[in-house]
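Engineer: Take the two lone chains, each set in its own frame, and fit them into one complex as the hints suggest.
Below, each chain spelled out in residue letters.
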Amino acid sequence: MATSKFLEIINATKTFSGGGRGRVEVLDKINFEIQRNQFVSIIGHSGCGKSTLLSMIAGLETISTGSICFKEQEISKPGPERAVVFQNHSLLPWRTVFQNVLLAVNTVFPRLSKTERKAKAERWLTVVGLKDHMYKYPHEISGGMKQRTGISRALSMEPEMLLLDEPFGALDALTRSTLQDEVLRLHHEEHLTVFMVTHDIDEAVYCSDRVIMMNNGPKATIGRVLEVGWPRPRERVAFMESPEFAHYRNECMRFLFWRKATGQGDQAAPAASAPAPTMSQPERTLPAQLAVSI
Amino acid sequence: MKKLDYYLETFNLSWFIPVAHLLRGDQPAYQIRCLLRMVGLPILGMLTFLFVWNSVALHAQTGSLRLPTPGQVWERAEEMVVDQRNYQRSQRAYEASIVTLKAENPEMSESEIRSLVSFEHKSTFLSQIITSLQTAFVGVGIAVLIAVPIGILCGLSNEIYAMTNPFVQLFKPVSPLAWFPVIYILVNSMLPGTGGGLNGQKPFIIAAVVVTLCSLWPTLINTANGVANVERDYLNVAKVLNLNILQKIWIIVLPAALPSIFTGIRLSLGIGWMVLIASEMMAVSPGLGGFIWNWYQSSNDVALSYLLLAVIVIGVIGFILDRVMITAQKLISHGSTAAIR
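Protein chains in written order, with numbering that gives the first Met the number 0: chain L, 0 to 293; chain D, 0 to 340.
Extracted from the complex, chain D is given alone in its bound form (with noise of 0.2 angstroms):
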């Protein structure tokens, strides 16, 4: 039991262990208590939310333009869903048509047949989610390879992280708007012309240097902080046991310090996230940021439960990276959080 404890704490499932324990019949009166403060009371803010914006949205009238109530967007949502099987319908409809068509002209090959009947290849909003994600991944990704080393390096060496320091202090507070003009035109004048290879992701590697460039600084200082913040025990160690600076750094640096990294990593994913809506709607990208400009551009009466929609979508994605980078960081500070607890 203890153990199930254990595994559902660590997946951020706290809420379900007064439910396992009822289900085992032990002290059913503090569980139900128990699982009315940790379900109950944030569900009863979640419905009063939902009250309270329905009744604003039905009662306050803002010129020509009605705020959308929750209902409205929720329908949004299924058409999202509804539009989505049906491109995927589509899209295995076209599939086969192409396999009967190269049954029946064996002359030809399948680029050629492609060629001939078209498919209107569209982004659909599960799609654009993707898409948001991977340049999310990537941009933390790169960034967490630059910071992690650098991060290190500033660690270990107190003469290094003086000459660090004056570029983090300067760059962390630049705003990815600002970053943006000047990726752009790199980028831009790195891969001319249009179309094809890398240059069809242009928006892409934009959106994904921006989202870099922001969330270094987190992992960076967080990496610097727990390296440097090493426990003189376990150096003492590497000392007595003659070891060479890499197998320092990777027998007992790293580990040491591994919590305190994948806390920097977990900020930077955050900001990752929210630098990239940014950046992706001034790149026009096809992920979610790109999905809220073009509603934004648009004349359209819906435009606003579209926009509400696309927010409520990055919260719950937002909030589901950090509830896995939580785990993560649970996971491998095993051994140090529970030598605390």
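The following block holds chain L by itself, in its conformation from the complex (with noise of 0.2 angstroms):
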């Protein structure tokens, strides 16, 4: 894993001004970084700015003060090289499956010839595994393969980042899995980025090296960095099985819901009461990195 600077969020806040309620400050002073080709979730109660901060790096919100940059260039407007996959696919209803994604091909690549901009949408649908479908409407396939065709059209534009704004939230839990492990196995093959925001915290955990828990908003600031040691290419089963798997978890959900009850801020947040994960199985020789910073 390089270590150059990749992703760089520097003292970012986001205020919206206007509108019937005034100012609303959303966001203040994040900072975390990104190297490339990790894989990063961003986890928070609704309303905490997490999908803002998302909109953020895909150059789709403006940042109010602070910056982010993008190996080393502060991000003004959407690019290519980061592509966002939408929570709600925002495929177009009067498009096929194929005309979806080679609309972003033919936008992105513009110099290519048409048969080889047709290539490559088909391509990215081949490896999304929706070849058979690709001539279907939107409103005929299921809402798991509109989602691959999200993805397929964020990745047919080749990006070095991908930004996943929940992207399985409406999905169900098995066509959940399987496109989790999907997004897992482009993200080794691809040797993607990935920043993906999420309320599933099981999720979060299985996907991620690192998992961003956010402070509720108004304000909202990142509450606690919880680094995932598991090595990757990584099996659900003996992952979720683990009981690092419940360490995790169990610190994302500590974070969450006792954040929740009591309305305070991490710091007064209560020493973990669950025993730390036991090392009891040696052929696991990775031991779980848990470190909890800010």
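Please note that the accuracy of each hint is not assured.
[Claimed, not checked] Below are the EDC-like pairs computed for lysine to aspartate or glutamate, each with C-alpha atoms no more than 20 angstroms apart in a straight line:
no. : chain 1 : residue 1 : chain 2 : residue 2
1   : L       : 130       : L       : 159
2   : L       : 70        : L       : 159
3   : D       : 329       : L       : 139
4   : D       : 238       : L       : 73
5   : D       : 238       : L       : 159
6   : D       : 238       : L       : 60
Just so you know, the hints here were simulated from the structure itself, not pulled from any lab data.
Structural biologist: Right under this line is the structure:
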């Protein structure tokens, strides 16, 4: 894993002004870094501004103060190197699955020939397993397939970074786990850097190298950062049944729910009462590197 | 079978669905009940109406005039068909005579022959209907060409919307009868003289412009609404793909707003058709409005039955136009409505 500065968020704040409610300070002094090829998730209660943060990284929302740098360059607008997969897939209903992906290819690679562009779109649809359904319209395919199309549209832009905004929230549990594994596979095979917004603790822990937990808004800040040191590629059952997984999971739960019950900041959170992960299985050489820090 | 159902429904033939099922023999009792409800009841309503009309016409006397019965109006319709056939026959005969005359007098040009042997072109009921339809389509067509671009601008920019809205609110409720004198004077002053070129088309132009002015608004308002309410998700797609403003309109906004643009056009066509008759009457155009005006002016005893015939024909055409537009709307909004379903 290279440790070059890939994505850097420095003192970023977001304030929405105007509207009926006057000024709303959503995010306050957010600082973190994502290294190349990392998978980072951000988790928090609804309305804590995690999706706003993703939009800011995508360039869809402006940054009020502070800055977000992508490969040492300040982000000011959206770009194909940071592709977004939206929560509700946002496929254009009047275009087929293929045409939806082709639109992205056409705008990102205008210099390629028509056949090359078509081949590219087809390749990315094949990667997500939609080759047989590519001439269907979005309303003719299932929710999971729609989200696959969304992912393949994002991938077809050949981004360096994939931004996932609660990508599997609307899917049933089985489809969700299949797609999680698929995204992990793509993350591994295509050497992607992934930033994912979610409110599913299991999903965050299972997929990520690092889970960022947000305090509640307004003026939301980062509450806790949890490093998940399970080796990749990850095997779902083995990881999820391990005591380490339970420990990571508990850490998140304790943060999110204690935080909600008392409405206080993280600093006052009680010490972890659950026992630290037992390293009772010696065949797993990698210890759970648990770094709770901010 | 499902596919057939879908096409029948799209083309407003949903009453035919039970017939199709019946022919295949599935659930005959249920299909017959469906059929009775979908076809039987409207026919029953129609028959009741005709019965009431007939008895009122037979028993209620109003001064010197009698209300024509449905039968009498039907006779007028048949008369129109015969009239049309005769006219076409005489027209064919005239063309044939021109051809023979030309063969007999090779030294004369065709226009010379035509000027010697005259043929009285008259407007038949059918040609009047066609003129009316043309006027309506031209009027509404111009309205759509003006309203859609303005509507898109209004939908995209709150500032333009704020600038345009007062005009829309001000002119929307204006009756065609109020517009008519203004347009009449303007067109007359712009096209002075009579006969020849565009001048011969004056009543047509006046009627079409009045239609345009009255049918602009529904398309404009619906387009603006449709564009302003394009889902944020789709606009985010445009942003992520870095589309420029024209690409954004063409690829995202226009297709997304198309269903509501079509709703607007449908309303415009409805209003246009209604306004058309009034403006044609005043412009004494060779259309259905002109037909009504002529019969209204005549002191003929049977005038009333002709006028009622015109009313019914206008209603039927309006109904067909609306159905055609609904079908078009269903066809273009295929994806999005199906998503709702």
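Engineer: Does each hint hold? Answer for all of them.
Structural biologist: Each hint, compared with the structure:
no.: 1; hint: L:130 x L:159; result: 24 angstroms, violated
no.: 2; hint: L:70 x L:159; result: 10 angstroms, holds
no.: 3; hint: D:329 x L:139; result: 17 angstroms, holds
no.: 4; hint: D:238 x L:73; result: 18 angstroms, holds
no.: 5; hint: D:238 x L:159; result: 18 angstroms, holds
no.: 6; hint: D:238 x L:60; result: 10 angstroms, holds
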